[in-house]
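On the provided structure of chain A, position chain B as indicated by the hints.
One letter stands for each residue in the lines below.
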Amino acid sequence: MRIPRLVSIIVLLLWGGIAIAQTSYGIGSTPTEEEMLTMDIDISPTGEGLPEGRGNAKEGAQLYMTKGCIVCHGVTLKEGPAPRLLKMDKGPDADPWEFGKILPIRSPYAPTVWDYINRAMPLGAEGTLTANEVYSLVAFLLYKNEVIEEDEIMNAQSLPKVKMPNRENWAPLPDYKPGMDRLEGYPY
Amino acid sequence: MALKRSDRRRFLKSSAVLAGGLAAGAARTVSAQTSDAIVYIKGTDEIVAYGKRSRFETAVRESHGRPHSPDTFGLIKHVSTPIQESVGVITPSALHYIGTTRGHYIPDIYPEAHKLMIHGMVDHPLTFSLQDLKRFPSVTRLHFIECAANRPSVEAKSIQESHGMTSCAEWTGVLLSTLLKEAGVKGGASWVIAEGNEEVKGTSSIPMEKAMEDCLVCYGMNGEAVRPEQGYPVRLLVPGFEGIFNVKWLRRIEAVDKYYMTYNDYGHLRQSETDAALGYLVGPKSVITYPCSNMTLPDKGHYEISGLAWSGNGAITRVEVSTDGGRRWQDAEFRGTPQRMAHTRFAIPWRWDGSESMLMSRCTDELGKVQPSRAQVAKFFGVPLDPSYRVPGRDNSIQTWRVASDGSVHNAYS
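Each protein sequence line maps, in turn, to chains A and B.
Note that the numbering used here numbers the first sequence so that position 113 is 113, with each residue one more than the last.
Note that the numbering used here numbers the second sequence so that position 234 is 234, with each residue one more than the last.
Heads up, a few of these hints could be off.
Residues from chain B that keep clear of chain A, each with C-beta distances beyond 12 Å, as calculated [unchecked claim]: (1) Lys42; (2) Ile47; (3) Arg351; (4) Ser388.
Partial selection, computed: residues in chain B whose CB lies under 8 Å from chain A [to be verified]: (5) His124; (6) Thr127; (7) Glu199; (8) Thr203; (9) Thr262.
Don't read these hints as lab results, they were simulated from the structure.
Source: prediction; values computed, not measured.
Even glycine gets a Cβ: it sits at the ideal position worked out from N, Cα and C.
For reference, chain A alone in the conformation it holds in the complex (with noise of 0.2 Å):
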């Protein structure tokens, strides 16, 4: 039969088309799931990643001693050498904005402070924390700065719905488009 032939031989070629299209140049290796739990360590600002654990401002107030952050952020949170943790007293109808660059209460999200202190905190033992104990400093941090309660306990589910005062008050960066203006009207 003519058709079904040509037919064939079109659904062949088209066929073979599209796998040179999507062939790949071959070059790599497919990592382990193992690898890939262990390498992504990034939580998303709405909590995607965030992994099992738990921890209150209490025992976030222990590890704050036990863990070394009191010698660089002081007992007060305030007094350094390394950033202040805690917001500039501004009163009551202060923009959020007036209480300073200071993570946990700047950030709009509180899983971006989960993800800041799990990668980067202490100083020289980077990355050695366990997940309760970065729960326990982050609702530390949250409950100082006046956004938690101090016996809220924080983990995988709570701290994505902490609401920071940040939340609606944050500027997005603009869609990149190649060629785009940096900002509309202005003089560059």
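Using the frame of chain A, we list chain B on its own:
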């Protein structure tokens, strides 16, 4: 520079070696052997294996004051290039500016063990060794990288302080788009996260549109391997974007469906959309590197004013120079062919008549965007222009050098 004792001994020794070597050669006059004669450097194994510059060349990088470096922990975060000594457009690798997420240590990465993983919203997660990356089609491009701290400033004591946080190198690697296509990006993936292998695992979010456009995963820099302080063995280049996006010691690229606001992104958080937009792409920018502050013109007469221009929007198409504070502008010539998102050398002849002069340069890029004056930016924001005025976002405003009648050159904003 007077010869030190040890140098003199070395000179005498090397002269003796040369005398032996030349004995059968051309006649060498006695007068050439005086103490004013050229000193010869003995070809040590070190010089043979990996050369170094003349000991009379003293231009060096220095720790940069903004953000304050070294910081309270003695950590050096930012290091500026001696741009006042630059010639051509390539910054030597040993002088390329350095920005780090914390500056604690430079990872000393064993290249055979280094892996780059591409995963997230892709069809096939993949891991590449350095050898794998070198098997892909390569590209070699000239690109600048500039730090957000780089800006004209009232306080700047030197051009190295105000403009030394930009550098340009020839980068070789594989297009990030090649690797992403190899992994197969899924629909809905709008950003990538790029993560480094330093102590804080510094991470930046990059729009997928940019990742697929022209980002480079680099293993080569100025004809050799990327330097450790630049991300050895593999770093990301995000041409035209602020320095911090150019993740070093690259270990992971993840395709995601939203802006992740992760480690390096946090510093970019802004309240107003205007500020957020201006902290992203590098606008057209130029600076005169010769003459510049802290130099002194020895005499009246002919000079070649020379400088660098660059833009995150593409190639530089025009550079104008003024010697009278912006009243009259003249087109400068390019030295070499302007490349996209790369330093471009410009030059213009100038006869200095000995009177006070205000030297300025301004550039235009391939989108027709013109480098602004500080007055233009202040006007845009509707604020008064005083010496302490700080341009929001990436400051690409014009730098003015004041040449005093005694030939000394100064930062006109101080």
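Hint-by-hint comparison with the structure:
Distance check for B:Lys42 against chain A: the nearest CB is about 44 Å away, which clears 12 Å, and the non-interface claim stands. Residue placement check: B:Ile47 keeps its beta carbon more than 12 Å from all beta carbons of chain A (closest about 38 Å). The beta carbon of B:Arg351 is kept farther than 12 Å from every beta carbon of chain A, the shortest such distance being approximately 31 Å. Every CB of chain A lies more than 12 Å from the CB of B:Ser388, the least distance being 20 Å, so the non-interface label holds.
Taking 8 Å as the C-beta contact cut-off toward chain A, the hint placing B:His124 at the interface holds, the least distance being around 7 Å. About 5 Å separates the beta-carbon of B:Thr127 from the nearest beta-carbon of chain A, less than 8 Å, and the hint is met. For B:Glu199, the interface hint holds, since its Cβ comes within 8 Å of a Cβ in chain A; the closest pair sits about 5 Å apart. Interface restraint check: B:Thr203 against chain A, minimum CB-CB distance 6 Å, threshold 8 Å, status holds.
Satisfaction of the interface hint for B:Thr262 is found here, the shortest Cβ-Cβ separation to chain A being roughly 6 Å, below the 8 Å cut-off.
Hint compliance for this structure: every hint is met.
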